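J.: So the protein lines, in turn, are chains A and B. Take numbering that gives the first Met the number 0: the final residue in the first sequence is number 307, and no numbers are missing along the way. Take numbering that gives the first Met the number 0: the final residue in the second sequence is number 467, and no numbers are missing along the way.
Hints may contain errors.
[What the hints assert, rightly or not] Label-pair ranges, simulated between beta-carbon atoms:
1. Pro463/B to Ala185/A: 31 to 41 Å
2. Gly144/A to Leu201/B: 49 to 59 Å
3. Pro293/A to Met164/B: 29 to 39 Å
4. Gln408/B to His199/A: 27 to 37 Å
5. Lys323/B to Pro249/A: 49 to 59 Å
6. Ala349/B to Pro173/A: 46 to 56 Å
[Unchecked claim] One-sided excerpt, in silico: chain B residues whose CB lies under 8 Å from chain A:
7. Arg16
8. Asn88
9. Gln89
10. Ser93
11. Gln94
12. Ile98
13. Pro99
[Said to hold, decoys possible] The list that follows gives simulated cross-link-like pairs (lysine to any residue, SDA-like), each with its CA atoms no further than 20 Å apart:
14. Lys12/B to Phe115/A
15. Lys135/A to Tyr21/B
16. Lys136/A to Pro463/B
17. Lys136/A to Asp461/B
18. Lys12/B to Met109/A
19. Lys135/A to Thr23/B
20. Lys136/A to Thr23/B
21. Lys136/A to Ile27/B
In short, the hints are calculated from the structure, not lab data. Computed from a prediction, not measured in an experiment: that's the story for all the values here. Every residue gets a Cβ at the ideal spot worked out from N, C-alpha and C, and that includes glycine.
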Amino acid sequence: MQDRNILHPGAPLSLPVEVSHLTKSFGSFKALDDVSFSIAQGETVALLGRNGAGKSTLIGCLMGFLLADGGSIDIFGHSIAALPREIRARTGFVPQTMTGFGNFRVGQLMDYIAAFYGELPPVDPALIAWADLDPKKQVRALSGGQKQRLAIVLAMRHNPEFLVLDEPVASLDPHARRDFMNLLDAYTQRTGASILISSHILSDLERMCSRLLFVRQGRVVLDVPTGTFRATTRWLEHPAPAQLLALLPPDVQILGQRPDALLVHGWTGDLSLPENTLTVVPDFEDAFLEITAPRTTPAHAEGSDSAA
Amino acid sequence: MMSFLPSGALERKDTIRALRLYGTRVFIVGNPMVYTAGFFIFLAGMTAHDLHTALLTQGLGKALKHANVFNAAIAATFIQNCLQTHSGNQIGASQAPAIPGLLHAEARAAALTSIVAIIALAGLLAWSGLPLHDTLFYTLLNTVPAVVQWYAPPQQTSRRVKGIMTVIGVTLLLGLVLLTFATDFPLWALTRPAVLTIPADLAMMSLLTAAIMTLPNRLHSPAMLAPTDGVTASAPEFAMPDSAPRVAPQDLSFYQLRQMLLSPASPTSQRNDLLISLIMPASIILFMGSLPLGHGSFGTRIAHLTPGMTILIALQDGWISNRKHWPLLLTTGRFGSRLSFVRAVFAAKASRIFMTAPLRTLSLMLPVTLFKPLTPTHALLDGAELLVAMLGVTFCCPLPFLVMKQPPQGIIVAASIAPAFLLQICNPFILGTRIFGPIALALAALGALCFFVVPSRMARSDWPYETE
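Turn these sequences into a full structure, and let the hints steer you where they fit.
T.: Written as structure tokens, this is what we have:
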């Protein structure tokens with residue numbers, strides 16, 4: 000792996016994130032079920048799923064806010080259960096909504112939080128320009144969108160190598176959202192940082208993420224590079240899609256089924272299918288809806304949880 | 000649990016940084032209890048001065064009859080409330096666990112400040128000439144409610160743990176209330192031998208410190224961070240039939256619908272309100288009077304308890320300070336314009352207080368009238384004055400809106416809790432009927448002024464919306 004760690008050149012090259020067989024329950028409700036994946040340096044991974052699929056629980060476990068029932072999470076080679084301070088300082092977190100700190104002024108809070116990271120380089124002027132916050136304004140007096148900008152600044156001020164964003168743009172206006180996505184893109188290009196981002200703005204995720212992690216009912220149902228997803232995910236439209244099942248090789252994963260079509264991943268185009276079969280490139284949102292739709296029983300065609 | 004004292008240079012720096020916040024306006028902003036605590040610290044200082052003077056010529060028992068040392072107890076509670084609000088702002092922040100060292104630093108700073116404040120308050124009382132170990136013992140005993148609050152279980156913790164913690168908390172609080180109201184508690188606490196109080200002081204300080212240091216674990220426990228994107232954290236306890244609607248409208252009486260304007264979360268039914276008002280003050284006084292804790296006859300003990308119990312009839316529901324539900328209820332259109340809405344809120348409060356206050360007053364006055372005993376004329380006069388004063392102070396809560404267009408939330412909260420304390424320290428049993436009568440009438444006049452003038456001013460002011 001090429002050392003692109005510009006932020007901490009001497010730091011050992013452990014994977015930013017390695018999650019293995021993670022499980023987490025709340026009472027009898029299984030929020031995460033045998034989740035495994037890793038994130039390499041410089042990767043921007045989209046965490047996709049419906050409300051309640053387990054995204055926030057996964058993020059909570061990753062950041063060490065929630066205690067896993069089973070499995071392991073390593074951040075830069077260290078178990079999340081006992082994350083040293085210097086490793087924690089290499090991470091950043093943007094919550095869905097910023098709460099607390101209302102008694103500070105904006106500038107005061109930025110200085111206060113920055114001090115916990117020790118000596119920091121000057122703040123990125125692009126980040127400050129984007130946030131466009133009055134440093135003298137009281138945090139409690141900020142609007143929801145302004146608070147979210149502040150949360151983003153607080154999370155990125157110390158140039159984290161691994162940044163987790165839990166629906167960071169939900170309360171931002173389209174200008175701020177687009178500018179932030181560009182800022183994030185530039186940040187990863189410049190620093191080689193790894194990102195895990197959860198959002199329901201699918202167009203943003205498809206555009207900027209190098210990998211897609213689909214979560215459904217607490218399980219990772221598809222973990223795939225974005226380019227591969229675009230190239231090999233197709234609707235196979237046929238009046239009787241069940242007939243196609245027998246013709247598909249085992250390495251083609253069936254992601255969903257409609258009365259007149261199958262959504263498949265791993266499609267290479269060199270298979271012989273009945274003449275009346277149409278191959279259609281799926282719209283990303285349609286694919287999301289199909290992949291993440293809840294299932295009462297496991298889909299018959301889901302051979303594996305992870306394709307990547 | 001992390002260690003109380005910082006172990007390394009980095010942790011020391013973090014803690015000092017967190018401690019410095021207590022000297023800035025960050026500590027005061029959004030922390031209205033600071034003013035109340037300051038007021039009661041001032042009163043505690045006055046009490047210490049009175050005690051100092053009285054102890055030159057008389058014993059502690061007599062001196063305590065003329066000095067309200069209870070002010071120091073209230074100050075101790077409010078100091079802890081201030082610290083909880085301040086540290087909770089940082090420790091409870093959504094990003095706090097992701098910031099290295101912040102949770103530990105804030106908890107340490109809160110624990111240190113808490114201990115220093117208690118020692119300072121005890122020192123203030125000791126200025127009167129009482130031994131420091133005794134004043135510390137008295138102050139620490141009165142931080143029990145605060146310790147219970149610091150230890151409050153997370154809302155979504157298991158039922159068993161929550162139940163155990165609630166029982167412990169209620170037992171501690173009840174014990175303190177019984178001690179405070181039913182005995183010569185201050186005299187007892189302030190005259191204990193050092194061999195008892197010093198170990199007890201150390202134990203109570205350790206308990207308080209432990210409560211504060213474990214706060215981050217509770218505020219950021221897994222239960223508190225349960226999924227927020229649309230799923231319940233635990234399975235429902237009973238199966239809901241498929242035919243049942245997922246959101247079932249609850250049948251509310253007209254009275255409850257009206258009371259939603261005051262407290263939307265749990266509108267009380269009229270029957271419960273009446274029963275509680277009629278039964279609660281008398282039951283508590285009779286129960287506490289029957290305990291073999293105080294001195295004198297049953298009647299004497301009841302007479303001793305009655306002044307303190309006036310707080311029971313003056314309990315408010317935060318009807319003016321808690322206005323976050325106003326915009327939502329206004330949009331229902333049920334209450335008409337903004338002015339009609341505010342008037343409806345005032346009318347709801349009036350309907351409740353005019354119904355419950357006479358019952359609470361009756362419930363408070365009956366035991367003391369029968370067992371002290373009081374002459375019927377005397378009892379009627381005391382009761383009537385108390386009732387008039389209570390009705391008045393209820394509508395004095397919105398006083399800040401009379402003098403300011405957009406009063407800060409801190410002042411509104413302070414004005415909302417002030418009536419209970421005002422009636423606590425100023426009632427016919429303490430001031431005497433001759434002095435209290437004009438005060439009651441003045442409060443009623445001020446309340447009436449607020450009732451008629453404030454709604455139009457509040458209708459023209461901003462309501463809580465979006466920001467904290």
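J.: State for each hint whether it applies.
T.: These are the hints, each one checked on the structure:
| no. | hint | result |
| --- | --- | --- |
| 1 | Pro463/B to Ala185/A: 31 to 41 Å | holds (38 Å) |
| 2 | Gly144/A to Leu201/B: 49 to 59 Å | holds (50 Å) |
| 3 | Pro293/A to Met164/B: 29 to 39 Å | holds (36 Å) |
| 4 | Gln408/B to His199/A: 27 to 37 Å | holds (33 Å) |
| 5 | Lys323/B to Pro249/A: 49 to 59 Å | holds (57 Å) |
| 6 | Ala349/B to Pro173/A: 46 to 56 Å | holds (48 Å) |
| 7 | Arg16 | holds (6 Å) |
| 8 | Asn88 | holds (5 Å) |
| 9 | Gln89 | holds (6 Å) |
| 10 | Ser93 | holds (4 Å) |
| 11 | Gln94 | holds (6 Å) |
| 12 | Ile98 | holds (5 Å) |
| 13 | Pro99 | holds (4 Å) |
| 14 | Lys12/B to Phe115/A | holds (9 Å) |
| 15 | Lys135/A to Tyr21/B | holds (19 Å) |
| 16 | Lys136/A to Pro463/B | holds (18 Å) |
| 17 | Lys136/A to Asp461/B | holds (19 Å) |
| 18 | Lys12/B to Met109/A | holds (17 Å) |
| 19 | Lys135/A to Thr23/B | holds (15 Å) |
| 20 | Lys136/A to Thr23/B | holds (16 Å) |
| 21 | Lys136/A to Ile27/B | holds (16 Å) |
Hint check: no violations occur; every hint is consistent with the structure.
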